[in-house]
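First to last, the sequence lines map onto chains A and B.
For the first sequence, the numbering used here begins at 2 and goes up steadily by one.
For the second sequence, the numbering used here begins at 2 and goes up steadily by one.
In short, the hints are calculated from the structure, not lab data.
Mixed in with the good hints there might be a few duds.
Since the list can't tell identical chains apart, any single copy or any two copies may satisfy a pair.
Unchecked claim - The calculated DSBU-like cross-link candidates involving lysine-lysine, where the alpha carbons are at most 35 Å apart (straight line), are:
hint, residue 1, residue 2
1, 527, 433
2, 503, 12
3, 12, 527
4, 435, 3
5, 341, 476
6, 341, 222
7, 222, 3
8, 476, 404
9, 12, 341
10, 256, 12
Number of protein chains: 2
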Amino acid sequence: MKTIYELGLDKNAANHVPLSPMTFLARAAAVHPERVAIVEGSRSQTWRETDQRCRRLASALRARGIGRGDTVAALMPNVSAMVEAHFGVPMSGAVLNALNTRLDAATVAFMLAHGEADVLLVDRELAPVAMAAVDRLEREILVIDVEAEGFDAPAGAALTYEALLAEGDPTFVYEGPEDEWDAICLNYTSGTTGDPKGVVYHHRGAFMNAVSNALEWDMPKHPVYLWTLPLFHCNGWCFAWTVAARAGVNICLRKIDPAAIFAAIRDHRVTHYCGAPIVHSMLIDAAPEHGQGIDHAVQAMVAGAAPPAAMIEAMEGLGFDLTHVYGLTETYGPAAVCEKHEDWTELPVEDRARLNAKQGVRYHLQEAITVLDPATMEPVPADGETVGEVMFRGNITMKGYLKNPSATQAAFAGGWFHTGDLGVLGPDGYVKIKDRSKDIIISGGENISSLEVEDVLHRHPAVSAVAVVAQPDDKWGETPCAFIELRPGAEATPEALTAFCKERLAGFKVPRNFVFGALPRTSTGKVQKYELRDRVGSASAIDE
Amino acid sequence: MKTIYELGLDKNAANHVPLSPMTFLARAAAVHPERVAIVEGSRSQTWRETDQRCRRLASALRARGIGRGDTVAALMPNVSAMVEAHFGVPMSGAVLNALNTRLDAATVAFMLAHGEADVLLVDRELAPVAMAAVDRLEREILVIDVEAEGFDAPAGAALTYEALLAEGDPTFVYEGPEDEWDAICLNYTSGTTGDPKGVVYHHRGAFMNAVSNALEWDMPKHPVYLWTLPLFHCNGWCFAWTVAARAGVNICLRKIDPAAIFAAIRDHRVTHYCGAPIVHSMLIDAAPEHGQGIDHAVQAMVAGAAPPAAMIEAMEGLGFDLTHVYGLTETYGPAAVCEKHEDWTELPVEDRARLNAKQGVRYHLQEAITVLDPATMEPVPADGETVGEVMFRGNITMKGYLKNPSATQAAFAGGWFHTGDLGVLGPDGYVKIKDRSKDIIISGGENISSLEVEDVLHRHPAVSAVAVVAQPDDKWGETPCAFIELRPGAEATPEALTAFCKERLAGFKVPRNFVFGALPRTSTGKVQKYELRDRVGSASAIDE
């Protein structure tokens with residue numbers, strides 16, 4: 002039986018509008034039309050201009066038959082057209098498929114085929130890979146040439162981005178998604194073996210994460226946001242939409258270069274940026290040469306690995322405050338934050354680093370993160386010791402994997418999203434990752450967490466980056482092998498590092514082998530452990 | 002035909018959770034369990050305790066048969082139990098009907114009957130009115146006696162609030178709303194004639210407005226929020242949920258008393274509070290005596306009328322920054338804000354007051370506010386002159402009026418919520434109210450905006466508050482009559498005020514009559530113009 006609250010009280014156009022981050026652009030353009038929205042080199046454009054250009058893009062795509070449920074791919078560095086694509090494409094009703102700029106042609110071709118893209122927006126710098134990928138496709142695709150200074154036009158592009166915009170209408174009225182569950186973006190996970198999976202985002206989740214970003218960071222109106230995080234990576238963790246919601250400034254950067262980053266921070270008084278640990282490390286190393294003259298507070302987010310004490314300390318020295326966040330492509334990038342407590346501020350940096358190393362708690366607008374026994378789906382005790390699988394639940398979680406119902410069902414089994422990360426739940430309710438299942442090294446029947454060994458080596462002053470993997474061993478089954486990147490000018494011997502580890506780790510956890518040199522990384526700065534496992538002939542390399 | 006993005010990508014428990022502000026309490030209790038949540042006099046309780054007490058309330062209500070679609074009424078000042086009711090009642094599935102504490106027994110009885118309340122939570126101070134209302138009901142209602150120091154227990158209450166909580170389970174697991182469209186609150190509008198209308202709020206809108214409040218104010222984590230705005234008034238504009246979302250502190254105040262307000266601001270370092278203009282005026286007047294020793298910044302929101310220049314200036318002198326917001330009960334309280342621009346800060350206070358007087362632009366998470374011709378539903382030109390009706394659209398808009406489909410349909414006609422306020426749209430897109438239809442005075446065939454005349458009189462240094470209404474006139478039809486409240490110790494004559502107006506207004510707009518004395522006000526501080534119209538025998542008094 003219906004209650005009195007369900008009679009004559011239905012949704013209508015006045016009291017129910019599907020959630021979509023497109024609304025943030027409309028508001029920024031209406032309320033702050035003359036404020037700068039995007040800066041790229043010496044060029045800048047206002048929110049009014051940005052709104053008009055996005056409407057042009059949307060209407061031009063519509064005129065070419067693109068609409069709801071179609072896919073528009075984009076292969077671009079962090080340029081202004083890439084920011085615009087995050088609005089113009091969804092405004093047309095289509096789904097934006099931002100592609101990793103460091104992929105090879107075969108992988109790009111796989112994604113274009115699997116995602117059924119009808120259009121590909123390509124920055125000229127990336128045209129060689131893009132056109133090679135297009136050549137492999139067995140069907141037509143409309144290639145849009147996004148001009149870039151110093152690069153040639155690709156053969157095979159239908160028209161330039163500016164010509165496409167010229168076809169469009171700057172006053173185009175878009176209707177927004179029919180349903181907030183409609184897809185807004187498609188992001189392929191950078192799986193290291195097997196076909197990449199296409200993670201589908203909905204408008205509702207993009208709206209939620211964009212707002213949550215502002216809440217996690219206490220981000221006030223009109224931030225100046227520097228694009229160090231690739232826009233193709235979980236849609237720049239949704240920050241294009243957050244910056245619009247706050248009517249801030251997008252500072253675009255074609256290349257991740259410490260001198261350019263410091264110059265941008267200084268010249269534009271950047272207030273916020275995000276990045277993998279490698280980005281922050283690069284800045285720390287370049288600070289003596291390039292970091293002078295920055296006298297304002299900067300908020301930095303770090304994801305992908307916990308920031309070690311030395312990093313936190315060095316960042317503080319620069320006046321940068323680090324926030325540690327955690328998530329996956331499937332959760333629109335980070336959807337958990339190591340939320341700081343006031344009483345942490347008085348602690349020594351080592352203690353703060355230990356506390357900050359936790360993956361933490363759910364984003365404000367995510368419903369839950371926890372650690373469950375994946376077999377029983379029961380929560381582990383909140384003892385900081387019992388290992389289970391880290392899981393998410395809530396509105397900042399993907400629709401599922403495109404054309405892959407079995408993977409989707411497995412990911413959502415039991416009503417939670419399974420991250421594949423192993424972790425514990427502290428008495429404070431904060432989640433801490435102990436390891437990914439495949440990062441556990443089993444030596445003489447004992448489990449060794451490669452993260453634990455890496456954490457110790459990170460503390461050595463000569464070590465810039467480290468990755469520990471399992472190396473096959475006739476006697477022990479596996480032993481830890483440490484790959485080490487040294488700080489510029491620093492030196493360390495295997496003997497010294499062994500001694501350093503022995504003071505801090507149980508003997509069986511100390512690496513038996515140290516290898517020095519640059520670590521192989523994904524385009525997002527994540528160390529490619531599978532490659533290191535390959536090098537040492539590890540068995541676990543094969544199932545990644 | 003379904004697109005590829007609609008196949009095998011359905012909602013499930015992992016990726017879709019109904020929006021509800023209950024989640025903010027859960028997060029505050031999980032992440033900041035030891036932080037203070039509520040202070041009332043010398044007593045305070047943490048977020049963990051608050052969460053447990055709310056779970057107790059919810060489960061005790063459940064055990065007594067209260068659940069989804071039932072109504073729980075509450076008649077309480079701004080005490081901690083009232084904050085708890087904003088969580089505990091919806092957690093049980095029931096709808097919270099917060100009642101205006103200054104109503105008479107007959108009106109309370111009407112609301113209890115119309116809203117079909119099964120339970121009534123009554124603060125002892127308000128028990129006489131409540132029990133008289135209960136006596137008029139022709140059915141049983143469970144009366145819960147909320148104890149208050151210095152007041153006697155009412156005869157007829159079933160049990161105390163603490164006894165009810167003792168029946169409950171502090172670990173009760175609530176399932177949240179089945180649907181985010183479910184009702185969360187019922188608020189009767191204080192109509193001045195005719196039966197009050199029951200405005201029904203949904204969980205989705207309460208969630209949206211709670212978050213929007215934080216965004217409008219750039220409210221950081223852990224604010225200290227002072228309850229000067231009644232919690233019964235649009236659920237304290239949803240700030241109980243906002244404070245939970247930000248894990249802040251609720252400072253409860255039983256009475257609106259300037260000395261107590263200043264003491265709370267000073268002692269608890271209050272960062273935020275809201276109120277009608279009368280609250281801010283009271284503070285300004287009491288500042289010399291009570292406002293000493295406050296050395297931190299305070300954010301104040303004002304709704305109900307634009308703050309005049311003198312008020313803005315006086316508040317700045319106290320270190321208080323005023324934000325002007327606008328809305329109605331139907332839009333969860335304010336859903337528009339006069340968002341300030343950076344370049345306003347350099348202007349003289351008169352200019353800032355003029356700019357700040359606008360009702361402004363939509364809240365971040367409301368979809369639209371605009372001015373339409375109600376006949377054609379076409380937007381008026383954005384010329385700052387053409388008058389139309391102010392209308393809202395979006396997710397911060399009520400479900401409708403309870404058991405009143407015709408009023409609901411009229412309010413939502415054409416897909417917009419009709420506010421009944423007349424306004425203009427400026428070239429900057431900011432809405433400015435010119436008048437409510439009934440506030441237009443028609444003199445010799447010319448329209449006079451009573452607001453315009455009031456604005457002028459507000460600028461006179463002796464005037465504390467003013468209300469201008471139409472007085473019947475044999476010659477002109479109507480003429481403006483001004484009711485004036487003078488500042489303490491200030492003096493003014495009708496002649497002086499007439500001269501003051503003549504310098505600033507067209508002759509026909511100058512009031513022909515000045516009446517000095519206290520203005521009649523509603524419980525929320527709104528001037529009761531209908532009573533003033535009654536006094537002068539105005540025709541428009543009858544149709545209010």
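Okay, the hints, checked on the actual structure:
Taking the closest pair of Cα atoms, residue 527 and residue 433 come within 35 Å of each other only inside a single copy of the chain (19 Å); across copies the shortest separation is 52 Å, beyond that limit. Taking CA atoms no more than 35 Å apart as the test, residue 503 paired with residue 12 passes in neither setting, with 65 Å inside one copy and 50 Å between copies. Proximity of residue 12 to residue 527 under the C-alpha cut-off of 35 Å is restricted to the inter-copy arrangement: shortest distance 31 Å between copies versus 45 Å within a copy. Taking CA atoms no more than 35 Å apart as the test, residue 435 paired with residue 3 passes in neither setting, with 49 Å inside one copy and 42 Å between copies.
Taking the shortest Cα distances, residue 341 and residue 476 never come within 35 Å of each other, neither inside one copy (44 Å) nor across copies (71 Å). Taking the closest pair of Cα atoms, residue 341 and residue 222 come within 35 Å of each other both inside a single copy (22 Å) and across two copies (11 Å). In this homomeric assembly, residue 222 and residue 3 never come within 35 Å of each other (Cα to Cα): the closest approach is 43 Å inside a single copy and 40 Å across copies. Proximity of residue 476 to residue 404 under the C-alpha cut-off of 35 Å is found in neither arrangement, the shortest distances being 45 Å within a copy and 79 Å between copies.
With identical chains, the CA atoms of residue 12 and residue 341 are at most 35 Å apart between copies only, with a shortest distance of 33 Å across copies and 40 Å within one. Proximity of residue 256 to residue 12 under the C-alpha cut-off of 35 Å is found in neither arrangement, the shortest distances being 47 Å within a copy and 38 Å between copies.
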